[in-house]
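Protein chains in written order, with my numbering: chain U, 1 to 127; chain W, 1 to 203.
Rather than coming from a laboratory, the hints here were simulated on the basis of the structure.
Being a predicted model, the structure only gives us computed values, none of them experimental.
Each residue gets a CB set at the ideal place from its N, CA and C atoms; glycine is no exception.
Any given hint could be a false lead.
Pairwise CB distance ranges (calculated) [claimed, not checked]:
| # | chain 1 | residue 1 | chain 2 | residue 2 | range |
| --- | --- | --- | --- | --- | --- |
| 1 | U | P58 | W | F96 | 41 to 51 Å |
| 2 | U | M94 | W | E52 | 38 to 48 Å |
| 3 | W | I58 | U | K44 | 40 to 50 Å |
Each chain, written out:
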Amino acid sequence: MRILVVDDSRLARSAVKKTLKEEFGEDNEIIEAENGQIAVEKYKEYAPELVFLDLTMPVMDGFEALKQIKAIHDKAYVIVVSADVQEIAVGKVMSDGAVMHVQKPINAKKMQEIYKTVKFLLKAESK
Amino acid sequence: MDVKLEFNDDHKEVLRELMNVAYGSATAIIAEILDTFATLHIPKIELFHDYELRDYIIGKMEDNVFLCSQGINGKIAGESIFILNRSSMKNISKYFDLDDSATDEDLNDIATELTNILSSTTVGKLAEQIDSMVSFSPPSVHIVNKVSIKDDLKMKDYSQAIVITTSIEFEEEQIYGDLILFMQDDSIVWIKEKLDAIIEEYL
């Protein structure tokens with residue numbers, strides 16, 4: 001699977017990549033972006049099947065990046081991983097088409113939930 | 001202990017992300033209390049020695065500010081200071097249906113409550129992420145000016161402080177606040193060791 005990991009923090013990107021490998025296996029191509037603008041460019045270039053997206057970032061935040069990615073491909077699977085856990089923020093990203101909102105920091109348990117959800121969605125899509 | 005610790009760029013980057021997570025949790029609670037939405041900003045992290053900190057604070061502050069302090073006990077031992085200028089406090093008071101006639105006593109009450117939530121949630125969440133626990137003393141609030149701030153800040157008790165600067169931008173009102181964590185030298189050494197372990201594992 002091709003996966004885009006978007007976060008301005010190297011630590012956060014590394015944590016997502018580490019837990020991804022543990023739950024999704026080693027055979028994934030991981031692409032990284034450090035802000036929303038680069039994420040949109042890389043989304044167009046690589047067309048990843050799954051996106052992990054932070055919200056609070058410089059240049060372009062995750063709220064705007066989510067809208068632009070969904071405008072490119074309305075069925076894009078975007079998992080928001082953010083410290084912003086306000087109800088309004090969660091509601092906003094879900095109504096803009098995110099698959100899930102996960103509170104930072106990411107860990108194995110949360111990644112297992114993501115894995116189950118993505119697996120379910122892919123299975124449903126293939127039917 | 002007489003230590004002069006420095007944080008390199010990796011230490012600051014890791015601490016920035018840990019604080020980002022911690023501050024996000026605190027902001028969510030405050031936004032819920034005020035029934036509004038806050039835009040989060042990326043916090044800036046600096047480690048200052050006492051003499052640098054005094055100049056930094058005096059340089060940033062308006063003539064009088066609300067200085068809210070709360071003691072921290074545990075592995076991260078020290079004191080958190082939340083500095084709010086008067087215009088920010090006035091903006092916060094609007095969420096509590098207080099108009100321009102709000103007294104300093106009213107504003108003190110609000111500042112005490114917000115500091116309790118912001119400081120304890122932020123520091124508690126920071127501690128949790130580095131496998132620790134902390135407890136807190138009740139917060140206290142003083143209105144201070146540039147002349148008295150040297151005495152009001154208990155900088156003499158600490159040789160260094162971690163300064164986390166951020167602003168909380170609510171839907172209608174801009175609130176600027178500086179959260180400063182004074183830590184005992186032993187705690188700074190301990191945090192640096194924890195940051196080193198995270199850097200070793202992730203960066």
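Evaluated hints:
A hinted range of 41 to 51 Å for the beta carbons of U:P58 and W:F96 is inconsistent with their spacing of about 32 Å. Our hint of 38 to 48 Å for U:M94 and W:E52 holds, since their Cβ atoms are close to 44 Å apart. Distance hint check: the CB atoms of W:I58 and U:K44 are about 49 Å apart, consistent with the given range 40 to 50 Å.
Figure legend: structure checked against the earlier numbered hints; the only hint not met is number 1.
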